[in-house]
Each structure stands twice: as structure tokens, then as C-alpha cells.
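Just so you know, the protein sequences line up as chains A and B, in that order. To convert a position in the first sequence, counted from 1, into the numbering used here, add 59. To convert a position in the second sequence, counted from 1, into the numbering used here, add 59.
The hints are simulated quantities; they were obtained by calculation from the structure and are not laboratory data. Among the hints, erroneous ones may be present.
Copies of the same chain are indistinguishable here, so a pair counts whether it falls within one copy or spans any two.
[What the hints assert, rightly or not] With a Cα cut of at most 25 Å, we get these calculated SDA-like pairs of lysine to any residue:
hint, residue 1, residue 2
1, K306, D165
2, K97, H186
3, K138, R187
4, K306, R191
Here is how the chains run, residue by residue.
Protein chains: 2
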Amino acid sequence: MTRTFCLTIAYDGTDYAGWQVQPGQPTIQGTLQQAIKKATGHDVTVTGSGRTDAGVHALGQVASCRFPVWTASADALLKAINSRLPSSVVVTEVRDAPLDFHAIRDAIGKRYRYQIQVRRQRDPFQHRYRWRLRREVDLDAMSEAAAKIIGHRDFASFESAGARRKTSVRDVRDCQLIVSEDFQRSGHLAVEVEANGFLYNMVRNIVGTLVEVGFGKQPPAWIDDVLSRQDRIFAGPTAPPQGLFLKEVFYQPFQPSD
Amino acid sequence: MTRTFCLTIAYDGTDYAGWQVQPGQPTIQGTLQQAIKKATGHDVTVTGSGRTDAGVHALGQVASCRFPVWTASADALLKAINSRLPSSVVVTEVRDAPLDFHAIRDAIGKRYRYQIQVRRQRDPFQHRYRWRLRREVDLDAMSEAAAKIIGHRDFASFESAGARRKTSVRDVRDCQLIVSEDFQRSGHLAVEVEANGFLYNMVRNIVGTLVEVGFGKQPPAWIDDVLSRQDRIFAGPTAPPQGLFLKEVFYQPFQPSD
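If we strip away everything but chain A, and leave its shape as in the complex, we get (with noise of 0.2 Å):
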């Protein structure tokens, strides 16, 4: 009986040429299909609901796999997985979705996660997960830049060469800076944004640009400016990629097929 299982994976990226399968490389997507193929015998296609790049990570990425025989539950089949999986990378939920599910295609909207650090010395217990930020920033000015992000825009100015949208439209529906209850301490921050979709470097070029404000290279209203130029060489620059990560990927509750 042919079964379409819907997987959520959290991820360390650092050691992975990012997600897709390259010949030669550790990828996300080979370590996976390695491991399922170990498990259960069969060659199944990991359909990610997006690519993430070299060191970066996710809490919940989301995948679609078919398999043309499964007998068990989805619970032995997570297990079965996990087993043959290195420790950077985990199965956290394995459920039966209906037999067209399809991660990319029926993906509703992300949210990404990008961390920061404000620390003058380097944190070698950081330096894997947190863009580090040498000097002071005003909490006030990126939190104020981080709104005006929110929306329904065109966000041109905030996406890489590459691979290329139809359109560069999309729905924002959060942007916000979080700040760590012991950011004294810590020096920890976050960007979260959330989305219908994203285009390439979207929230590392966001980053970037907020980080600007934050230094007091431009006040929060040249957001709007970025914005209405539609060009990428108005924003700021790209934050490094260790950083992000995939948080949480959304889709319309389904029901298993039968």
C-alpha cells in the first residue's frame, strides 16, 4: 500500500553543505535518504518544503515522502529513522498525510528564527548558531525597522541573485526583534519573521539591513525607502548563515488518507 508520510526534522547545519542532495558533499537531504534507505530498504525522495543553505539550521523543517509498502505505524517508521540518523540531525514527528501531500507545493507559510549575539570577545559556544555583533546596538531603532517590514510588499530589495521568483511580492505577517531576558548577560537577540513565503536570502538580507539601523548607520525610516527602491543594492548586507533557522513551516490541517 502505497503511504505519503509528512516528517518535521530539526537540524544542526553546520557540518552540511546545506539541504539539497550534492554529489560528494554532507547534505541534510542525502543524510536522510541514507538513513530511511538503512531503515526500510527503500530509495524514497525527501521533498524539503525549501532548500536551506550551508550552515544553516532547523527546529522544524517539514518533508513529504512517499513509499510504495509500509505496513507499520508512522511512530516505528520515526524510530526505525532516528536510529540510522547522525546526532546533528532528528525526526521529531513522523505523520500519514494524504497521498498528494506535497511540502513545497502545499506549504501555507514559514517562520525563520535568525540569532544574534552583541558581544565584544567571541563565545566559542556560539560561534555555530549566533551572527556576533562587535559593538552596541539600539534595541529601540531595530525593533521600530523590524515593523516596517510587516506587510504585504514587494521585497526586491531584499532578495539575492539566483533563483528567481515570479514575483517578489509577499505577506509578512510578523517581524520582530526578540531581545533575551538576560540580553545583559547574554548579549543574545533574535529576528523572527513569518511569511507565506520567502525569497532567496530574505530574512539574512533583512537582517543585514535591520543590524544597520541598529548601529545608527540609518535611521528605522529607511526601511521604507529600501522597500519602495525594489532593488537589492539599497539594502544592507547579507548576515552570515549560521544564524538562521527554519523554525516552522505551516500547511492547512489534513486528514491521513486511508
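Assemble the complex: chain A is given as a structure, and chain B must be docked to it using the hints.
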């Protein structure tokens, strides 16, 4: 002018074969000595307060090193070294020390932290820094057992074979279970142990033994029994290296040499 410096160092030991220089292997000591060579031109020996094993981390390792000539400030030395170090190692402080200061001989105590995560499912972001326990532990029993470690005692039962010391009597000043405020969500625990000195694998053997109590395999009073046997075979297993952090090394206050 010959000067001796006292360096405080933090490192992520994941990708290193421990502290001590070994031919053909990346080590913390070797990495520091290479950075100093590049920064100053001097071939100096960096003497750590003690060796840490492969995979063990440090929040506050201390090392001494003597320079035949160094005319700039201690702070200039710190910056020069740090700019040559990889992200996983950082010198957090450099102080002028008496000419005969020696990081091993002069240490009067150390504090270690051992990090645990109680969690059924793997956490890809903690596997480098915590020992994962797959089932519940009795926190009260572990705390009670930890308190029994404190005192001036013979810790032979907690000494792994290896570099044997003249005496296995040590003065443990503190041993406590620290339950994270968000334990219910994160499953984060730590054991901190402070003593005038430590035997080989002593902290990891203590933690492995406390976890046996946490699992309910033994009552807290078993600790007294284990201590009185003065033989390693009566204690619990050795906890794995990745949870261990050398947190602080203590010295008598010193005035820098002129």
C-alpha cells in the same frame, strides 16, 4: 625583559583531541602555541592548569606562559593571540603574573560543571555540550547523593586508571545538582563540583554514579558505601566527555612582577 603571563581560556573541545599537544592531532595547547607564534614570533610553551580530554570543554581554563621579550601590554597580547585563533578557542583574559607563576603547581582549586539533558528524543543542538539521559531521573535523590560527595575524603572509588596520583584524598568543597529554571521544557541539569584537586576522570565518574541514583538503581546512601570501598569498580559508569566543562581554576591573589 622576561615576563610571565596568566591566560584565561574558553574553548569548545568538540573538534580537538584534548588539551595536550599530540603530533598530527588538533589540540587546544597546540592551537594556542601556534597562535602565539604567529602573533609574537615566539615559540613558547603554554602550560595549562591541567589537561582536558578529547571532547571536554572549558569556560575558564588557566594557563601560564613565559616570554623572553614582550614590551607591549597584556591586553595587546590578548588581542594579538585572539586574532590568530579559530572560533572554537578564545583567550578571555591575559594578566601579568609573577615571573615564577606556574598554572599547575600554583592552582589551589578547580570547579567543573557537567551538563545533562533529560530527553527522550535527541536534541541536535545540545549533543556537543550535554549527556542525554533517555529517561526520567529523581532530582531529590540525585541532590541528596551529590551532597554526600562533599568533604575531605579518599576518592579512590572515583579515579579511573591512568595517571595515578600519590594520594587519592581530596577536599571536595562543593557538589550540587543544578536544575535549570526551564527544566520542564528543556530537560537541562548540571552537576558542579569544586575541590582542591581532582583525580583522573573524577567528575565524570561522580556524575555517572549520581545518575545511577537518579535512575533509582541505588539509593542516595549508596554513595557512602562507594566512597568507603576505595575501589573504582564499586562506583557507577563514567559519564561521557562532551558534558564536561572546566569552569574555573583558583589561585592565591598575586601581584604582577615588576
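Each hint tested on the structure:
1. K306 with D165: Result: close within a single copy only, 17 Å intra versus 48 Å inter.
2. K97 with H186: Answer is between: at 23 Å across copies they meet the 25 Å cutoff, but 33 Å inside does not.
3. K138 with R187: The answer is between: 22 Å across copies meets 25 Å, while 27 Å in one copy does not.
4. K306 with R191: Answer is both; intra-copy 20 Å and inter-copy 23 Å each pass.
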